Amino acid sequence: MTLLLAFSVRSATIQCGGMVEKVGFHSPDKLMLKLSSMNRAVYICSPEYKWTVSGTSYSTGPKMCQTMMSMLMHAKATRSDMGSIWFDGDDVPENCESWGAMKKANIRYFAY
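Residues 1 to 112 in my numbering are what the sequence shown lists, from first letter to last.
Any given hint could turn out to be false.
[Said to hold, decoys possible] Here are the simulated lysine-lysine pairs, DSS-like style, with alpha carbons at most 30 Å apart: (1) Lys22 x Lys103; (2) Lys63 x Lys104; (3) Lys30 x Lys76; (4) Lys30 x Lys103; (5) Lys22 x Lys76; (6) Lys34 x Lys22.
No lab work stands behind these hints, which were simulated from the structure alone. These numbers were taken from a predicted model, which means no experiment stands behind them.
From just these sequences and the hints, can you work out the full model?
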């Protein structure tokens, strides 16, 4: 008898907005972001290595992560509204208020 197991993988995209409430580091090498529309911070990249997330076909390099960190810190310091940030990946929830603990995503796009 053969047993077949089916796994459901849900890759998603979500658009969250608002002001940058937190930009943080999680040791040893992860950058975290929390916007005012989000219930908790999410891992978004690494300033040390190429960041890949399951459910996306692209990655974020260390230099881009450092650039994003600079832009996000500026947005936080100036209390700028970020408009919309598009998050992609298997950990992305159905809405911005439903992020689980220690989840990660790739940021595909933002402009403010």
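Worksheet item: Taken at face value, is the distance from the CA of Lys103 to the CA of Lys22 at most 30 Å?
Response: Holds: Lys22 and Lys103 sit about 15 Å apart, inside 30 Å.
Worksheet item: Are the Cα atoms of Lys63 and Lys104 separated by 30 Å or less?
Response: 18 Å, holds
Worksheet item: Does Lys30 pair with Lys103 here, judged by a C-alpha cut-off of 30 Å?
Response: 11 Å, holds
Worksheet item: CA of Lys22 to CA of Lys76, is that 30 Å or under?
Response: Since the Cα atoms of Lys22 and Lys76 sit roughly 8 Å apart, the hinted pair holds (cutoff 30 Å).
Discussion item. Against the 30 Å threshold, does the CA-CA distance of Lys30 and Lys76 hold or violate the hint?
Written reply: Holds, at roughly 18 Å.
Fill in: Agreement of Lys34 and Lys22 with the hint, judged by alpha carbon distance not exceeding 30 Å
Distance of about 5 Å is within 30 Å: holds.
Against the hints set out earlier in the document, no violation occurs for any number.
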